[in-house]
Amino acid sequence: MSDQLLTITPRIDEYFRKKLSKVFSDEAKRGTFSEDNVFLSYLTDDLMESSVKIAQLWKEEFVISDNQKTNDLVFIQFDKDGVEHFAFLRVALRENFTHISSDSESPIKVTQNNFPSAAQTPDEALVINRSNRNYYLIEKRIKHNGSFANYFSENLLQVQPEQSVKKSIKMVEQTAQKIAENFQQDDFAFQSKMKAAIYKNLEEEQELSPEKLADQLFDNNLTARLTFVDELKESIPEPIQVSDIDHSRQTKN
Numbered sequence: 001m002s003d004q005l006l007t008i009t010p011r012i013d014e015y016f017r018k019k020l021s022k023v024f025s026d027e028a029k030r031g032t033f034s035e036d037n038v039f040l041s042y043l044t045d046d047l048m049e050s051s052v053k054i055a056q057l058w059k060e061e062f063v064i065s066d067n068q069k070t071n072d073l074v075f076i077q078f079d080k081d082g083v084e085h086f087a088f089l090r091v092a093l094r095e096n097f098t099h100i101s102s103d104s105e106s107p108i109k110v111t112q113n114n115f116p117s118a119a120q121t122p123d124e125a126l127v128i129n130r131s132n133r134n135y136y137l138i139e140k141r142i143k144h145n146g147s148f149a150n151y152f153s154e155n156l157l158q159v160q161p162e163q164s165v166k167k168s169i170k171m172v173e174q175t176a177q178k179i180a181e182n183f184q185q186d187d188f189a190f191q192s193k194m195k196a197a198i199y200k201n202l203e204e205e206q207e208l209s210p211e212k213l214a215d216q217l218f219d220n221n222l223t224a225r226l227t228f229v230d231e232l233k234e235s236i237p238e239p240i241q242v243s244d245i246d247h248s249r250q251t252k253n
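Residue numbers (our numbering): 1 to 253.
It is possible that part of the hints are untrue.
[What the hints assert, rightly or not] Capping the alpha-carbon separation at 25 angstroms, the derived lysine-lysine pairs in BS3-like fashion look like this:
hint : residue 1 : residue 2
1    : Lys212    : Lys195
2    : Lys69     : Lys22
3    : Lys195    : Lys143
4    : Lys167    : Lys109
[What the hints assert, rightly or not] Have a look at the derived ranges for each label pair, beta carbon to beta carbon:
hint : residue 1 : residue 2 : range
5    : Gln184    : Glu234    : 34 to 42 angstroms
6    : Asp219    : Asn114    : 50 to 58 angstroms
7    : Ser34     : Lys59     : 19 to 27 angstroms
8    : Phe188    : Lys59     : 46 to 54 angstroms
9    : Phe183    : Glu49     : 54 to 62 angstroms
These are calculated hints, taken from the structure and not from any lab test. We put the beta carbon where it would ideally sit given N, CA and C, even for glycine.
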């Protein structure tokens with residue numbers, strides 16, 4: 001990790017803007033830090049001081065992973081819609097083949113420690129709205145002694161985030177299909193109806209409510225409606241909100 005702030009060139013700025021856009025997506029888990037959250041207390045107005053402290057804490061947690069990689073930790077302070085945000089990205093570095101024209105005998109070389117494409121989602125990422133303490137999290141489970149753990153949220157952040165929009169919508173679709181099968185309604189017409197209803201809710205309401213969707217999908221069957229809502233109430237207790245993320249992949253038919 002560098003001991004000084006990075007000079008941002010237009011190309012570097014573009015690269016990390018694209019990386020950050022992947023965090024404001026349907027893949028991110030979301031939540032809100034409590035005011036007394038310990039991790040939040042490490043964020044100060046001094047970006048370098050905060051970065052050094054958080055990098056050390058991350059290293060202490062990640063060191064147990066059975067699959068160690070060469071990583072770059074990137075800390076960014078930026079404004080979004082006039083609100084200050086803090087970002088922490090873990091980017092696993094790659095090997096790449098490079099063509100070196102000055103070496104005529106062996107022009108293709110393997111280079112180490114290359115950043116991945118800007119279009120790729122960061123290996124792990126945390127973005128925090130400094131105003132309301134809302135966060136967006138991309139995390140990967142690590143393997144340790146044969147078991148897997150969400151070390152980032154459970155150990156480093158000590159939070160319980162909501163599941164991602166992508167996972168929630170997949171759960172909604174699978175539950176709807178199962179209920180439809182149980183009531184002999186699962187056919188092509190139902191599939192089309194479900195896709196159209198989800199699209200309409202996400203585009204017009206900017207949210208997906210299991211209760212509203214139940215009324216739209218099973219309007220003639222009270223038992224099916226109640227069963228659908230009941231099966232989702234624990235995993236999706238509140239309507240799925242999408243106004244603050246890019247949910248375009250969920251509205252493509």
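These are the hints, each one checked on the structure:
no. : hint                                : result
1   : Lys212 - Lys195                     : holds (14 angstroms)
2   : Lys69 - Lys22                       : holds (21 angstroms)
3   : Lys195 - Lys143                     : violated (36 angstroms)
4   : Lys167 - Lys109                     : violated (40 angstroms)
5   : Gln184 - Glu234: 34 to 42 angstroms : violated (26 angstroms)
6   : Asp219 - Asn114: 50 to 58 angstroms : holds (54 angstroms)
7   : Ser34 - Lys59: 19 to 27 angstroms   : holds (25 angstroms)
8   : Phe188 - Lys59: 46 to 54 angstroms  : holds (52 angstroms)
9   : Phe183 - Glu49: 54 to 62 angstroms  : holds (59 angstroms)
Checked against the numbered hints listed earlier, the structure breaks hints 3, 4 and 5; every other hint is satisfied.
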